[in-house]
Amino acid sequence: MKAATGNHGGTSGWLVQRYTAVVGLLAGFALWLFFLRRPEMDFQSWHGLFQKTSVRFLVWLLVTSICLHAWIGLRNVLMDYAKPLAVRQGLSLAISLVLILCVVWVTDILWRMNG
Amino acid sequence: MDKLRNTRPVTLPILKLHLPLAGWASLLHRVSGVLLFLALPVVLYALDMSLRSQADYEFVLYTLAFPLVQLAVLLLVWALTHHLFAGFRHIFMDMHWGISLHASRRSARVVLIASLIVTGLTAWSLFA
Chain G
146 MKAATGNHGG
156 TSGWLVQRYT
166 AVVGLLAGFA
176 LWLFFLRRPE
186 MDFQSWHGLF
196 QKTSVRFLVW
206 LLVTSICLHA
216 WIGLRNVLMD
226 YAKPLAVRQG
236 LSLAISLVLI
246 LCVVWVTDIL
256 WRMNG
Chain W
87 MDKLRNTRPV
97 TLPILKLHLP
107 LAGWASLLHR
117 VSGVLLFLAL
127 PVVLYALDMS
137 LRSQADYEFV
147 LYTLAFPLVQ
157 LAVLLLVWAL
167 THHLFAGFRH
177 IFMDMHWGIS
187 LHASRRSARV
197 VLIASLIVTG
207 LTAWSLFA
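Protein chains in written order, with the numbering used here: chain G, 146 to 260; chain W, 87 to 214.
Since the hints were derived computationally from the structure, they do not count as laboratory data.
Warning: the hint list may mix true and false statements.
To be verified - Restraint-style ranges between C-beta atoms, simulated for each label pair:
| hint | chain 1 | residue 1 | chain 2 | residue 2 | range |
| --- | --- | --- | --- | --- | --- |
| 1 | G | Arg183 | W | Arg94 | 53 to 61 Å |
| 2 | G | Gly158 | W | Val128 | 21 to 29 Å |
| 3 | W | Leu147 | G | Leu181 | 15 to 23 Å |
| 4 | G | Phe179 | W | Asp142 | 43 to 51 Å |
| 5 | W | Arg138 | G | Phe179 | 14 to 22 Å |
| 6 | G | Leu181 | W | Leu212 | 30 to 38 Å |
| 7 | G | Leu238 | W | Ala214 | 43 to 51 Å |
Yeah, the Cβ is synthetic: ideal placement off N, Cα and C, and Gly gets one too.
Turn these sequences into a full structure, and let the hints guide you.
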């Protein structure tokens with residue numbers, strides 16, 4: 146019989162956890178290289194950096210993969226330690242909302258300034 | 087039904103057990119992950135502020151200069167590096183690399199010490 150939650154016993158979560166770890170690491174490393182090239186930072190150069198499409202894309206990718214990664218990771222933690230179903234579901238919902246808001250937020254931060 | 091449930095395995099009482107090094111690396115991987123999740127909205131808030139205007143940018147820098155804030159930054163540096171190194175250890179083990187007891191103990195020690203070294207170096211650059 147198929148489980149009600151699907152026919153994969155957590156394999157997709159396991160995979161997403163690893164993919165997002167690698168993608169986040171690569172995006173973070175690329176951004177680190179961007180910032181290393183500018184040791185002298187002021188508001189103008191900081192703001193200018195975030196006008197670049199490449200930097201916006203990398204930051205978005207970094208935050209989004211962190212959020213997906215955290216979603217799976219925190220779900221695993223909740224499954225181990227938050228035993229009462231209501232507590233687990235409540236926390237799970239709150240965490241999901243926070244993570245979705247974080248992705249929306251970073252999208253707004255990155256693309257609200259035009260040009 | 088209740089009887090059936092009572093015989094089921096329970097979550098280990100982690101505070102009552104003496105954890106081996108690999109257990110510490112694993113437990114702290116979770117702790118650091120939760121810390122990083124809690125820090126994410128704060129970091130996004132700082133990023134948001136820093137890109138608004140010259141004055142807001144300077145306010146973020148001003149806030150980051152407080153010793154207590156720098157301690158929090160230091161904690162996040164530890165969390166990030168520990169999570170990163172322990173994550174590498176995980177992925178290597180997924181590829182069946184270093185899964186013997188001896189190798190696992192050694193890599194756990196490397197992870198624990200390496201993240202402390204990076205945190206120490208950051209503390210040095212912040213406070214010295």
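Problem - Those earlier numbered hints the structure runs against, lowest number first - result: 4 and 6
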